[in-house]
Amino acid sequence: NQFRKLIQKSSVTRRSLGRIRNLLEKTIFSKVSEKDPDLEKYFKRKVLKKVELKTARQGIKMNSPDDKLYFICLIGTLMAAVAQVDGHFDESEKKALKKELSDRFEFKGKELKILFEVISEQARHGFDFHEVTAELNNLTTYNERVHIADCMFAIAGADGELSHEETEEIRRITKAMRISHKVFINSKMKVLSTLR
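The sequence shown begins at 1 in this note's numbering and counts up by one.
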């Protein structure tokens with residue numbers, strides 16, 4: 001009835017188009033916007049379960065809250081994905097990734113080893129790219145994301161070269177993290193200057 005009245009009016013205004021949009025959103029598209037709670041936060045449940053199983057198996061107790069472990073796994077998985085995208089995860093790249101994690105989050109020894117295993121497995125076996133980058137965007141500031149981009153380039157260049165595949169993967173990640181192309185180029189140039 002409301003739709004018929006809008007159509008019968010002779011002039012279409014911005015307001016009437018807005019009403020049509022609102023009507024369609026309430027009827028046709030209402031189910032599309034609802035998230036499935038079972039699928040939401042799949043990555044979080046998966047990595048926390050892996051950490052729990054690995055710590056129980058090795059008899060270690062993690063002293064960090066789940067949210068911190070989850071945050072570390074978000075960042076670490078993206079960094080490991082960059083290092084592995086060119087087909088090999090070089091020892092120098094592994095060392096650089098461990099250094100970034102231990103410097104930033106103060107993890108050492110067995111805790112670092114377990115987190116590194118979980119992160120490497122996630123990157124190797126695949127993950128929901130959209131969920132991971134969207135969560136990072138929600139949990140970090142712009143400057144923190146820029147620092148993460150710098151870390152990704154440092155890890156990618158740790159083996160003495162910056163491959164095309166690694167650069168393109170970082171470009172894809174930084175674009176999803178809403179980092180400007182200019183900042184991406186600056187981060188890339190910093191690493192390239194150290195490699196020359």
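Hints should not be assumed to be uniformly reliable.
[What the hints assert, rightly or not] Lysine-lysine pairs mimicking BS3-like chemistry, simulated, CA-CA at most 25 angstroms apart:
1) K61 - K41
2) K44 - K5
3) K110 - K99
4) K68 - K99
5) K190 - K99
6) K46 - K5
7) K61 - K44
8) K5 - K61
9) K95 - K50
10) K190 - K41
11) K5 - K54
The set of hints was computed from the structure by calculation and includes no laboratory data.
A quick note: this is a predicted structure, and the numbers were derived from the prediction, not measured.
Check each numbered hint against the structure and report the violated ones by number, ascending.
-> Of the numbered hints, 2, 6, 8, 10 and 11 do not hold.
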